[in-house]
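Produce the entire structure from the sequences given, and follow the hints as far as they go.
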Amino acid sequence: MNIMQFNKQLSDKLSICLSICCILHCIALPAIILLIPSVASFWINDENVHIVLVLLAIPISLFAMGKSLRKHNSYKCISLAVLGLILLVVAIFMHDIGFGGEHGHDEHGHNEHGGLGEMLEIIFTVLGGLVLLAAHLLNIKLTNKPS
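Under our numbering, read the sequence shown as residues 1 to 147, first letter to last.
Please keep in mind that the hints were generated in silico from the structure rather than gathered at the bench. Just so it is clear, the structure is predicted and the values come from calculations on it, not from any experiment. Hints are supplied without guarantee of correctness; some may be wrong.
[As the list claims (entries may be wrong)] With a Cα cut of at most 27 Å, we get these calculated DSSO-like pairs of lysine-lysine:
# : residue 1 : residue 2
1 : Lys76     : Lys141
2 : Lys67     : Lys145
3 : Lys13     : Lys67
4 : Lys71     : Lys145
5 : Lys71     : Lys141
[Said to hold, decoys possible] Pairwise CB distance ranges, derived in the manner of DEER restraints:
#  : residue 1 : residue 2 : range
6  : Ile123    : Ser79     : 16 to 22 Å
7  : Leu142    : Ile20     : 17 to 23 Å
8  : Asn73     : Asp96     : 38 to 44 Å
9  : Lys145    : Phe63     : 16 to 22 Å
10 : Val52     : Leu10     : 18 to 24 Å
Note that beta-carbon positions come from the ideal geometry of N, C-alpha and C, so glycine has one too.
Here it is as structure tokens:
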């Protein structure tokens, strides 16, 4: 792969990295906190990290898809990307779903006892991240396909 091909797909690759970061933030962080409790005090445990990652992923993903659409004319990629982004945005709002707010929240805005909202947030984040990841991998494949 030459430098021109790398630069042409930089936005796809950056969005893939952001998708993986969302997934890792949602899945790996709780495991790391169990193993190393002091990680709970780091900024990466803040709920706002997910929001920032999604806000970065939206324009980068849409830019990558729009740029490549002219080359391969496949709306499958952009449809998958939009679905993945919607799932990631919805995940942000899933955290607060509960039953009457019977549990408190810690200083990071996380529910102290887990619950339905936190589980839905994880599910939507993982699904959204995987769908967005697949969309960008497909976009790279179609963009590299000889015309």
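Going through the hints against the structure:
Restraint check for Lys76 and Lys141: the C-alpha separation of about 12 Å stays at or below 27 Å, so the hint holds. A threshold of 27 Å between alpha carbons decides the hint, and for Lys67 with Lys145 the separation of about 15 Å falls inside it, so the pair holds. A C-alpha spacing of about 14 Å is found between Lys13 and Lys67, which places the hinted pair at or below 27 Å, so the restraint holds. Only pairs whose Cα atoms come within 27 Å are accepted, and Lys71 paired with Lys145 is accepted, the gap being roughly 10 Å.
Between Lys71 and Lys141 the alpha-carbon distance is near 12 Å, which keeps this suggested pair within the 27 Å criterion. About 21 Å separates the C-beta atoms of Ile123 and Ser79, a value consistent with the hinted range of 16 to 22 Å. Taking 17 to 23 Å as the suggested C-beta distance range, the pair Leu142 and Ile20 conforms, at roughly 21 Å. Between Asn73 and Asp96 the beta carbon distance is about 41 Å. The supplied range of 38 to 44 Å therefore holds.
Range check, Lys145 to Phe63: Cβ separation about 20 Å, and the 16 to 22 Å hint holds. Look at Val52 against Leu10: about 20 Å separates their beta carbons, and that is inside 18 to 24 Å.
Hint violations for this structure: none, all hints satisfied.
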